[in-house]
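Q: Full structure from sequences and hints, please.
2 protein chains.
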Amino acid sequence: MFYIVGLGLCDEKDITVRGLEAVKGCSRVYLEAYTSILMVQKERLEAFYGKELILADRDMVETESDEILRDADKEDVALLVVGDPFGATTHTDIILRARSLKIPVRVVHNASIMNAVGACGLQLYNFGQTVSLVFFTETWKPDSFYDRIKENVDLGMHTLVLLDIKVKEQSEENLARGRKIYEPPRYMSITQAVSQLAEIEELRGEGILTPEKTLAVAMSRVGGGDERERIVSGTLAELLEQPSDIFGEPLHSLVIVGKRLHHLEVEYAQTFAVNPEAWRNVAKNVYGCSLD
Amino acid sequence: MFYIVGLGLCDEKDITVRGLEAVKGCSRVYLEAYTSILMVQKERLEAFYGKELILADRDMVETESDEILRDADKEDVALLVVGDPFGATTHTDIILRARSLKIPVRVVHNASIMNAVGACGLQLYNFGQTVSLVFFTETWKPDSFYDRIKENVDLGMHTLVLLDIKVKEQSEENLARGRKIYEPPRYMSITQAVSQLAEIEELRGEGILTPEKTLAVAMSRVGGGDERERIVSGTLAELLEQPSDIFGEPLHSLVIVGKRLHHLEVEYAQTFAVNPEAWRNVAKNVYGCSLD
Numbered sequence: 001m002f003y004i005v006g007l008g009l010c011d012e013k014d015i016t017v018r019g020l021e022a023v024k025g026c027s028r029v030y031l032e033a034y035t036s037i038l039m040v041q042k043e044r045l046e047a048f049y050g051k052e053l054i055l056a057d058r059d060m061v062e063t064e065s066d067e068i069l070r071d072a073d074k075e076d077v078a079l080l081v082v083g084d085p086f087g088a089t090t091h092t093d094i095i096l097r098a099r100s101l102k103i104p105v106r107v108v109h110n111a112s113i114m115n116a117v118g119a120c121g122l123q124l125y126n127f128g129q130t131v132s133l134v135f136f137t138e139t140w141k142p143d144s145f146y147d148r149i150k151e152n153v154d155l156g157m158h159t160l161v162l163l164d165i166k167v168k169e170q171s172e173e174n175l176a177r178g179r180k181i182y183e184p185p186r187y188m189s190i191t192q193a194v195s196q197l198a199e200i201e202e203l204r205g206e207g208i209l210t211p212e213k214t215l216a217v218a219m220s221r222v223g224g225g226d227e228r229e230r231i232v233s234g235t236l237a238e239l240l241e242q243p244s245d246i247f248g249e250p251l252h253s254l255v256i257v258g259k260r261l262h263h264l265e266v267e268y269a270q271t272f273a274v275n276p277e278a279w280r281n282v283a284k285n286v287y288g289c290s291l292d
Numbered sequence: 001m002f003y004i005v006g007l008g009l010c011d012e013k014d015i016t017v018r019g020l021e022a023v024k025g026c027s028r029v030y031l032e033a034y035t036s037i038l039m040v041q042k043e044r045l046e047a048f049y050g051k052e053l054i055l056a057d058r059d060m061v062e063t064e065s066d067e068i069l070r071d072a073d074k075e076d077v078a079l080l081v082v083g084d085p086f087g088a089t090t091h092t093d094i095i096l097r098a099r100s101l102k103i104p105v106r107v108v109h110n111a112s113i114m115n116a117v118g119a120c121g122l123q124l125y126n127f128g129q130t131v132s133l134v135f136f137t138e139t140w141k142p143d144s145f146y147d148r149i150k151e152n153v154d155l156g157m158h159t160l161v162l163l164d165i166k167v168k169e170q171s172e173e174n175l176a177r178g179r180k181i182y183e184p185p186r187y188m189s190i191t192q193a194v195s196q197l198a199e200i201e202e203l204r205g206e207g208i209l210t211p212e213k214t215l216a217v218a219m220s221r222v223g224g225g226d227e228r229e230r231i232v233s234g235t236l237a238e239l240l241e242q243p244s245d246i247f248g249e250p251l252h253s254l255v256i257v258g259k260r261l262h263h264l265e266v267e268y269a270q271t272f273a274v275n276p277e278a279w280r281n282v283a284k285n286v287y288g289c290s291l292d
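Chains as they are written, first to last, in UniProt numbering: chain A, 1 to 292; chain B, 1 to 292.
Please note that a few of the clues may not be correct.
Copies of the same chain look alike in the list, so a pair counts if it fits in one copy or across any two.
[As the list claims (entries may be wrong)] Listed next, the in silico DSSO-like pairs over lysine-lysine satisfying Cα-Cα at most 30 Å (straight line):
| # | residue 1 | residue 2 |
| --- | --- | --- |
| 1 | Lys180 | Lys13 |
| 2 | Lys259 | Lys168 |
| 3 | Lys259 | Lys141 |
| 4 | Lys141 | Lys51 |
| 5 | Lys284 | Lys74 |
| 6 | Lys284 | Lys102 |
| 7 | Lys213 | Lys259 |
| 8 | Lys166 | Lys42 |
Treat the hints as calculated values from the structure; they're not laboratory data. These figures come from a predicted structure and were not determined experimentally.
A: Next up, the structure:
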């Protein structure tokens, strides 16, 4: 059997009982180290599972799937992925490959940011499409996310914005010289994300992400409990003004609040507000939400 | 501490290790029996946890939250919910109440249909808002879902349609006589859902859910593994023609496929198709997806 096991959002204890049983029975266990980053080190996972883990970067999952699937028709092999196996990055390729090799596949689901985002109090029902925001460079500032957010905003829907992660990145020099030396991982901060949004709003000027009139929720380490999880809500302008440590450790996500907004959503997310009064005022006067 | 623990999608083993540890340490454990239905009985959960469970219907969670939260500032109490605590029904009310009583709260996330729907091979990125479809009666056929699906369809996005569940329902007679006798639970089938969609399409005639030209995916017991999970894809017309047992046991969900469709999505979901060739033809000729 080939298992693809979602690890959930935070640490070694977020695996499900079914997932843990599967891992313990496997002869080889791969840990995908690309799409997202758990908050714990590989060694801690290994100690918890009582198993050695083989690190598999995205390249390996894509190009060496036959090695990962080797003998999985005769023994159990698992690929562990952060979040859910069908979250931000799907694993349909390797599943299709397994099927074509007549290897039985079992997916073990778990929480991912795509559903845990509900922790900010906004209804999952009212989210439109999810968008990704990549690191801008001097010369490359892809802005198609703006059109996607606009589509959601026009319908009054909330938008989950996933912030870029760079792992296993080579400097231009190392790349040019073919040296396999990698830069330390980088995670887009809330401040950088909001500032990139502002830059594109300035450029496009369609009033979709007006700093003082757009409500947003910054989230970090969702599911990590009070010690680790941080949720901060406010206008884009307010979020931009905050010292960056208020947002906690990476990974971060950002939600742009849509106008189809229920007063209970406003009230719940207000508990995370930089300035609760300002939050209510914008919800009432700009978003047109009926609040007592 | 007050824990709200997501149980995931299928059975007792879908709880996370963190969730299980929390449950084992609680002095009282409530099981919410409303929004969704696990595939196992309460007794099996009790045996697995080594704990007695107190059934809490939606009424109780809403109106007797202080009883559920009693002493949770001094001891640990858990409320177990199917899926994720912030899934289709959020539990923001009881969390707000706990906070106002200065009771610390810990949410334990898990998979819910809102992210596990990715198992059909369609990208979660490309889903718009989620809609609910309720049982029609002779006199009550609410059709606002049609407008919501239209909004998604116009943008090319997929739509997750959650099908109605009736639990703790009273017959009109029992209701009138004030007898607390409840009907057996009812779950909307795929056949009924598709036929309700067809009825409203007929009425509204906006070509959003044309039986022969709209692709859809029927899902049941997602995450249940090969023995229990069923995924069936086809046009709405094809799904309507299938014998109902092909769709497996409840709960069912339905996905309406949007036109922003990648060829890999078509290929993966094709593995579940009633008629793979027809599936590809509609994807190519109606949806305009480039397939080799």
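Q: Give a verdict on every hint.
A: Status of the hints after comparison with the structure:
no. : hint            : in the structure
1   : Lys180 / Lys13  : neither (34 Å within a copy, 42 Å between copies)
2   : Lys259 / Lys168 : neither (39 Å within a copy, 34 Å between copies)
3   : Lys259 / Lys141 : both (27 Å within a copy, 27 Å between copies)
4   : Lys141 / Lys51  : neither (43 Å within a copy, 55 Å between copies)
5   : Lys284 / Lys74  : neither (61 Å within a copy, 38 Å between copies)
6   : Lys284 / Lys102 : between (57 Å within a copy, 28 Å between copies)
7   : Lys213 / Lys259 : within (11 Å within a copy, 32 Å between copies)
8   : Lys166 / Lys42  : within (18 Å within a copy, 45 Å between copies)
This entry does not satisfy hints 1, 2, 4, 5, going by the numbered hints stated previously.
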